[in-house]
Amino acid sequence: MKQTAIIGIGMTKIDAQKPRDTFADMAWEAVTRALTDAGIGFDDIDNVITTSNDFWDGRTISCMAVGDASGVRHKNVSCVEGDGTFGAFYGLCRILSGAYGTTLVTAHSKGSESVSSLITNAAFDPLTDRALGLDALTAAAIQAGMYMHRTGTTPEEAALVSVKNHRNARHNPYAQLPMDIDVEDVLASEVIADPLHKLDCSPVSDGCCAIVLASEERTRKIGRKPVWIKGVAFYSDAYYLGDRNLAEAPALVKAAQSAYAQAGISNPASEIQVAEVYDAFGFQELMWIEAMGLCGSERAGTLLASGRFGIQDRLAVNPSGGLLSGHPVIAAGLIRMTEVVRQLRGEAGAYQVDDARIGLAHGINGICGQSHCVWVLGSEQ
Amino acid sequence: MGKRRVAIVGTGQTLHRSHRPDVNGQELIHEAVRLALADAGLTIADIDAIVIGNMDHFEGINAVDCWSVDGTGGTMKPVIKLTTGGTTGSTLAIGGVHLVASGMFDRVLIVGWEKNSESDTTGAITTAFDPVWDRLVFAGAISGLAAEAQAYMARYGATDRDAARVAVRDRRHACNNPHAQLHKPITIEDVLASPMLADPIHLLDVCPRTDGACAVIMACEGVAERLAPVPDWIWATANRHTYTYLGDVNWGELDSMSEAAQELFAKADIREPRKQIDVIELYQPYSFAGIIWIEDMGLVERGKGAEYIWSGATDMGGELPINPSGGVIACNPIGATGLIRCAEAALQIMGKAEARQVPDAKVAVSTGFGGCMWTDMLLHGRNKPDF
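Line by line, the protein sequences are chains A and B.
For the first sequence, this note's numbering gives the first residue as 5, with consecutive numbering after it.
For the second sequence, this note's numbering gives the first residue as 49, with consecutive numbering after it.
FYI, nobody ran anything at the bench for these hints, they're computed from the structure.
For each residue, glycine too, the CB sits at the ideal point set by N, CA and C.
Check before you lean on any hint, since a few could be wrong.
[To be verified] Pulled a few chain A residues facing chain B out of the computed Cβ check, cut under 10 Å:
1) Val-76
2) Tyr-94
3) Ile-99
4) Asp-247
5) Ala-251
With these hints in hand, go ahead and build the complete structure from the sequences.
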């Protein structure tokens, strides 16, 4: 893969509700920040990818709403539907193809204007599954039960993810839910879908994120603090829940292995210092850590309970507070990438991971993580 | 280092009908995928990645990239979804070009599909518009087209009879295309006597609603030549998506087409498009566009579109045949429609267009229209592009 870099990042604060902002307002805020961060203007942007979802936005062709704010006029533009990591992937391909030197990628959603259960229920087969009332939350509860049963992961260990991430969020000014809680608080919170308690689940959120990708040549010209793309891959598992072993994530295993191979990483657990993973639910962080080979052959829950994966650990997981501390879907994965960029630049302030040189960002599409996208980023070219 | 060249090596189109109750969405997709794989002499194991798209609200299925894997064969493969409204199909094609050209994948399967019979098309399209400013006064597909047609007619004196000539052309061409939905030729009088939907657009001026899917396989240089005797090389792509609000549009001209065409032709050094291009598959959802947009594309001067159409130049056998397939007026499974234009252009270049073949087609243009007043364009050639 030719050398490419992320040369600008920008995001809104993640909020439970942004009643003052339209989609375009959020996009404008994120885009302006990304351009300012990169020290460039719209004239330096060769093409644009917006990322959105018509169901979450309640609009057909939802990308139409943010075109102006993303500066698409007189430029080539395309629109990815799904998580922001997938939008960024297409943006990267447009640079690697040689067609463009820079790509602006945006991703947005407003959970506050949406009904998550109906929207995610619509991802299930209309004939066989939808009428059962399944949605992202209830499906995740099934997955949690299977994962915990198969691996022996305890509710306390899963709750520790929430404790760690909400505490990490106290240092992140963009986070929605900074909280100082303990395991008892999580387990005492309302059961949403057994075994998931309210504090095991990520919140409903509004937000937008934008990044600027650039070729090596353009990075040399305009990149002030580039973070380099070392590897990226994505794979989709089967669709029907009954066709999958929900306790495992083979698509993530394959995506991570492919991304590591591109990045020349043979031992991810020791070579990666920071990982921002898709912790829509506490147990999923543990599951994804294991699938991505970030804890060797050990159980992630055991390691977490022994004090691993904190900001000061040799592998920090979700030092930003993760999605448990703010989860604007679609933008979520792009925010993971943005947080890793912050870490690799050494600009993460009070949640800075020491000596972060290689970082991993992770996004998902579909129910229970059917499709996974893994990015490996590095501070050195 | 030079750019990586990309070619289309196989295409597949389903049986397109107003209603396909014999298949569900995944089966419809599978029908197109199977045909495209067979056309390229490949199996699903040879496919490195899949690009898919449709209009979410038409079938009411969220996360179609995930839902569709049993139809596309995408299980344990990279699958990505692009969607831009009417342009979705051409957006997918452009996406396929970039994915292969990036060097990340050698063989990419591109799938556009729609089961319009399961949707309230206008109801869904209405939600594309800003809920506060545009939705209550303007929303829907045909209102924007009627506004464009009226503005053009006011400016240049064109008539609905001129437009009907375009509809007659496309419906006649469609009779040569087994994949078209509508196979009955029509007359100008038929068009003018058909019900008025939105002045000046008659029923026979516009596209039908179709169930259908299209699949296209693209491969990189080195692989493409082995898969297809005559690959369809993609010389360039360009697009513009400019509309956010109703007031953004220069009604009567399609600015997105003007800008995209200028960029596309500049990239491939096309200076005299009428002489250098052999055939065009124009995403033309209604007849007036067949007059207006060829002006925006730079084929003829402003106001001269109707004259050019009446001359027969765009008919089969004319100077520059447009829509040998019968185009969108004869078949419109929306998420597939733009990709069908691309596939039909590929068939022309590959010499596989059978009864609708333009003799010795060496350079073709395919376009997509949608979003609102958006344009995608691809330039196809029999020779490898010289970048």
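Going down the list of hints, with the structure as the test:
For A/Val-76, the interface hint holds, since its Cβ comes within 10 Å of a Cβ in chain B; the closest pair sits about 6 Å apart. Interface restraint check: A/Tyr-94 against chain B, minimum CB-CB distance 6 Å, threshold 10 Å, status holds. Among the interface hints, the one on A/Ile-99 holds; its C-beta lies about 8 Å from the nearest C-beta in chain B, closer than the 10 Å criterion. Hint on A/Asp-247 holds. Least Cβ distance to chain B is approximately 8 Å, under the 10 Å limit.
For A/Ala-251, the suggested interface contact is broken, since its CB lies about 17 Å from the closest CB of chain B, more than 10 Å.
Hint compliance for this structure: hint 5 is the single one not met.
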